[in-house]
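Peer 1: Could you build all of it, start to finish, from the sequences and the hints given here?
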Amino acid sequence: MTNGSGPGPAPSTHWVDAVGAAVFALVAGFALLLLVAPSLIVIAVSFEPRAYISFPPSGFSLKWYWAVFENRQLTDSVQVSLMVALWVSLLCMALGVPAAFASIRGTFPAKAGLNAFLLAPQMMPGMVIGIATLFFGAYIAFRASNTMLVLALSVFCLPFVIRITMARLADLDPRLDEASANLGAGKLETFVRVTLPQLGPALLAAGAFTFIEAFDNVTVALFTSDVRGRPLPVELYYLVQNDSTPAIAAVSAIEIGLSCLVMLVLGRTVGLERLGGPATKT
Amino acid sequence: MTHIQLEAIHKSYGQTQVLNDCTLEIARGEVMTLLGPSGCGKTTLLRTLAGFVRQDHGRVVVGGAEISHLAPNRRSVGYVFQNYALFPHLSVAENVAYGLKVRRRPAGEIRERVAKALHLVALDGLGARFPAQLSGGQQQRVAIARVLVLEPEVLLLDEPFNALDAKLRLTMQVELRKLIDRVGITSIFVTHDQSEAMMLSDKVAVMRAGRIEQVAAPLAIYDRPVNDYVASFIGRANVLSVEVRGGVVASAPEVVANRADGPARLIVRPENLAIAGADACWSGRILFASAQGPSIEYEVEAGLPEPLRLVVPRQAGEAALPAGAAVGVRIVDPGACIVIGGGSGV
Ligand SMILES: Nc1ncnc2c1ncn2[C@@H]1O[C@H](COP(=O)(O)OP(=O)(O)O)[C@@H](O)[C@H]1O
Ligand SMILES: [Mg+2]
Chain A
1 MTNGSGPGPA PSTHWVDAVG AAVFALVAGF ALLLLVAPSL IVIAVSFEPR AYISFPPSGF
61 SLKWYWAVFE NRQLTDSVQV SLMVALWVSL LCMALGVPAA FASIRGTFPA KAGLNAFLLA
121 PQMMPGMVIG IATLFFGAYI AFRASNTMLV LALSVFCLPF VIRITMARLA DLDPRLDEAS
181 ANLGAGKLET FVRVTLPQLG PALLAAGAFT FIEAFDNVTV ALFTSDVRGR PLPVELYYLV
241 QNDSTPAIAA VSAIEIGLSC LVMLVLGRTV GLERLGGPAT KT
Chain B
1 MTHIQLEAIH KSYGQTQVLN DCTLEIARGE VMTLLGPSGC GKTTLLRTLA GFVRQDHGRV
61 VVGGAEISHL APNRRSVGYV FQNYALFPHL SVAENVAYGL KVRRRPAGEI RERVAKALHL
121 VALDGLGARF PAQLSGGQQQ RVAIARVLVL EPEVLLLDEP FNALDAKLRL TMQVELRKLI
181 DRVGITSIFV THDQSEAMML SDKVAVMRAG RIEQVAAPLA IYDRPVNDYV ASFIGRANVL
241 SVEVRGGVVA SAPEVVANRA DGPARLIVRP ENLAIAGADA CWSGRILFAS AQGPSIEYEV
301 EAGLPEPLRL VVPRQAGEAA LPAGAAVGVR IVDPGACIVI GGGSGV
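Line by line, the protein sequences are chains A and B.
Just so we're aligned: 143 in this note's numbering is position 143 of the first sequence, and the numbers increase by one with no gaps anywhere.
Just so we're aligned: 313 in this note's numbering is position 313 of the second sequence, and the numbers increase by one with no gaps anywhere.
There may be inaccurate statements among the hints.
Claimed, not checked - Partial list, computed: chain B residues near chain A (C-beta under 10 Å):
1) Ala-50
2) Ala-85
3) Val-147
Simulated from the structure, these hints should not be mistaken for lab results.
Here the structure is a predicted model, which is why all the values come from computation and not from measurement.
By construction, the Cβ of each residue, glycine as well, lies at the ideal position given by its N, Cα and C atoms.
Peer 2: Right, here's the structure in full:
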């Protein structure tokens, strides 16, 4: 260690800065802990060899993972959830992308009003959408079913797709479309050759977010899903109420793992900053 | 031979009339410049030719055939955008190849023509780069190559030098003019910079608030502006309110005016005024003097609403007269002065 530049308050850094940095690190660390710790605890619990939840786990065993795969009720509900998420994603993309186009590129009266209307479900609690759909369904003799769940979740998720697509579209230079037309391309060819390639990452992100949200949603699903073919989150909800085994932690751990995988793949292919940025909620 | 005709083009956005009765003829192989201040409708007129804007009235005729009803992608009109509008997700070569791909040309032909086009704009070897990796001047050349590769009938350029720094701008102006002469393509430029217009074009159309004020060769516009607006836009001019009496200008009797007696405007270029003694038309004091090397610029307060501006040639070793000095001002060549009606707006 050389003279003068040792530890302690060096003359060049003001002590206020040093304290500020320390406080910042502390708060950041605490926030990170708060966000990550529950996931880590759940993962740890899933390795518990005994038949009840405890932390820290008393040993290490993968038996609850096997239990999950052997539980017909759970595997069925995973299938239901996957199907629901797939349909919701497809529906939201099919409706949301053209809607985003209309609201960015279109020129028609009441555009602002339509925008507000399309994005409104995002302001609404999922529970309200669930109950409203259920009541409205009852009114027209349409009972809670996974079709109803798909419809309700699509309403819930549509703003995601619209917002992500809109944010990217607003960034695109409309002159590029004109340049393409000037070089001889028709509207469809311009869309395929110019717009879509630049929109691609945003669409991928929108699809992924919608899929995850639809897969994982409880608040809407609780009211609208089929009584027999329940989706996974609802199934888990009932499961914890009746008996709490580490199997639930195992399911959660699997979900966490898959989410991380999706984020990793998207991050590698698309870039996380492009997924995050404009897509985050206001 | 007339190649492009714009006939009485009108265009309004809501209440604002952006183009008002614009009529313009451009000969084959000619380079025309639309010159005017920002917001006067130059871009809109150019976009009408490319089909991005549909005029309310009027006809667009290219090569004798009306193209007003054609969609932009059916017109053989190359457009270079103000910000170049290169496709950011495509390489330089792919940008240039775009139009050929759309036309479904065979791959071999595309490769050959792209290479030729890149060579034409001196960008050989940069085909694999992406637009973001190019300088402004290079991007501009890609944008030009991208339309020239299709061998369009007409080349339209919207303020193509705006994004370039001043030094590069001059080089690119010369290069572009040479390129156009080599290709021999009918071209229309848009600019708000009069020196650019003088340098690049065979003819200049001066625009004001949606109207075309005068169309002529650059020097013809400089020497014979139809009104004081054009006179001040192309080069600098002294515009003086005068009286015409008996066929001459009252305050400068050597200037002949072929018009009825009454108020008029006299347009005199700064280099057509000189410092004088007894034979002066005006006398006053020097407000400001600046020696530029080959010339000296004076502003002379002569009791007129605006000071007179003079540019006089400078001899070696000559110093400018000091500010405040009492001087006379005379007209050098009365025949080069312009007298127009007093009513024309400013
Ligand atoms: N799409 C449009 N909608 C409304 N006004 C427009 C539109 N395009 C141009 N304008 C108006 O028309 C006028 C002329 O514009 P422009 O042709 O771009 O001028 P310039 O290119 O000479 O600067 C401007 O006042 C501009 O605001
Ligand atoms: Mg313009």
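Peer 1: Each hint: holds or not?
Peer 2: The hints, checked one at a time:
1. Ala-50: The hint holds - Ala-50(B) has a Cβ within 10 Å of chain A, the shortest such distance being about 6 Å.
2. Ala-85: holds, 4 Å
3. Val-147: Status holds, d = 7 Å.
Violation of the numbered hints given earlier is absent; every hint is satisfied by the structure.
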